[in-house]
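Novice: Residue numbers (UniProt numbering), protein chains in the order written: chain S, 1 to 209; chain E, 1 to 209.
Accuracy of the hints is not assured; some may be wrong.
Since copy identity is lost for identical chains, a pair holds within one copy or between any two.
Unchecked claim - Under the rule of at most 25 angstroms between Cα atoms (straight-line distance), these lysine to aspartate or glutamate pairs were calculated in the DMTMM-like manner:
id, residue 1, residue 2
1, K178, E56
2, K178, D101
3, K178, E194
4, K178, E46
Hints listed in this document are in silico derivations from the structure and should not be mistaken for laboratory results.
There are 2 protein chains.
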Amino acid sequence: MNPTFDIVTADEHDRLQALYEPLAQAVRGLLDASIRTGVDADAIAEATTAIEAVTESLRREQRDGPMAMIHGETGRPVVWANPVVGLRNAVAPPLTIHHSDDGTCWSEFTLGAAYEGPLGWVHGGICALVLDHVLGEVASGALAQPRYTGTITCRYLRGTPLGPLRAEASVDRIEGVKTFARGRLIDADGVTVEAEGVFITPAWARDAG
Amino acid sequence: MNPTFDIVTADEHDRLQALYEPLAQAVRGLLDASIRTGVDADAIAEATTAIEAVTESLRREQRDGPMAMIHGETGRPVVWANPVVGLRNAVAPPLTIHHSDDGTCWSEFTLGAAYEGPLGWVHGGICALVLDHVLGEVASGALAQPRYTGTITCRYLRGTPLGPLRAEASVDRIEGVKTFARGRLIDADGVTVEAEGVFITPAWARDAG
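Work out the full structure: start from the sequences and follow the hints.
Specialist: See below:
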């Protein structure tokens with residue numbers, strides 16, 4: 001698939017971000033509150049009805065296909081719907097990824113009740129989701145080049161506690177269409193999960209060099 | 001960590017499920033609508049305010065720690081907050097996991113806009129999240145025995161399209177505290193991602209046999 005992108009100006013990007021970010025942030029808050037609430041049955045029913053009314057109002061105009069936007073200044077895709085970093089997606093914590101000059105990337109973020117597997121611990125698959133994303137980010141030069149996951153291995157050294165965490169990733173080497181990346185998830189006491197992955201340049205992007 | 005669980009009767013379980021499931025389902029609908037909406041700035045602002053009011057109403061009573069419940073009849077943990085299968089967690093699609101008599105497990109489910117990575121495709125990390133979960137389910141005998149991910153490797157054979165999907169997993173072998181499981185993600189045309197993992201019985205559960 002070689003999608004066609006809309007190019008947005010920096011100003012339009014910022015206007016849209018100011019518009020949509022508070023909405024997704026509100027949905028994130030609701031998502032957390034709905035998991036942890038202990039209010040009575042009437043209050044739950046009332047909340048459910050109110051949420052359905054808001055959904056109805058947002059559904060008056062809905063995009064059907066993917067959101068394909070490129071930032072006019074940076075040339076990078078605007079990945080607002082992404083389930084790890086997407087400002088518009090309440091599934092995403094969301095992570096803000098920082099790219100260092102040395103080609104590594106890192107993010108500091110907090111995972112709450114919505115990401116819990118074993119009681120008090122982050123779901124192992126959520127660790128894999130975050131690591132796949134940061135490895136993919138570093139392999140693709142901050143998403144400037146499309147690179148899809150070929151293989152990823154995660155080694156869980158110990159449980160990852162809910163709360164503040166850090167993820168880091170770097171590129172090991174590049175061999176043709178394969179980019180080898182590694183990374184780790186870190187809590188206050190050190191590394192909890194290590195990952196290594198191979199990311200592939202898709203056929204449709206190989207000519208774009 | 002060896003958590004203490006509340007035991008719920010089958011009736012109480014069903015009452016709570018009937019109470020909370022529609023709420024989470026409403027939040028899921030809102031989450032999807034909020035990613036794809038194109039309504040104007042006033043409508044977005046109005047929706048944001050309305051959502052914050054609902055959150056406020058649910059926050060009047062909030063559980064702080066993890067939800068530790070065991071079903072009195074099945075003896076299995078009630079994992080309503082889980083980000084893959086949790087009925088109360090709008091991050092979860094949620095998957096319903098079916099356990100066959102031969103010890104395998106499978107699930108059929110649909111992934112929409114909230115799980116998109118590359119345009120039109122499921123995020124590679126979401127594939128890993130789902131596979132980690134179904135491998136963990138099969139390794140733990142439907143969560144009857146605690147088994148935490150030790151290592152997981154996912155091989156992406158091709159992109160996984162958004163839409164209806166199937167996940168399957170089975171146990172390869174058990175060696176002491178290590179359970180070896182494998183599984184795959186499948187679309188209408190066949191396998192898209194293969195996974196294999198080693199799941200570990202935590203020290204606190206080893207005596208419980």
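Novice: Taking 25 angstroms as the upper bound on the Cα-Cα distance, should K178 and E56 be classified as within, between, both, or neither?
Specialist: neither (45 angstroms within a copy, 48 angstroms between copies)
Novice: Taking 25 angstroms as the upper bound on the Cα-Cα distance, should K178 and D101 be classified as within, between, both, or neither?
Specialist: Classified as within: same-chain Cα gap 22 angstroms, cross-chain 41 angstroms, threshold 25 angstroms.
Novice: Is it within, between, both, or neither for K178 and E46, if the alpha carbons may be no more than 25 angstroms apart?
Specialist: neither (52 angstroms within a copy, 47 angstroms between copies)
Novice: Using 25 angstroms as the alpha-carbon threshold, which applies to K178 and E194: within, between, both, or neither?
Specialist: Close inside one copy (20 angstroms) and across copies (19 angstroms); limit 25 angstroms.
Violated hints for the displayed structure, listed by number in ascending order: 1, 4.
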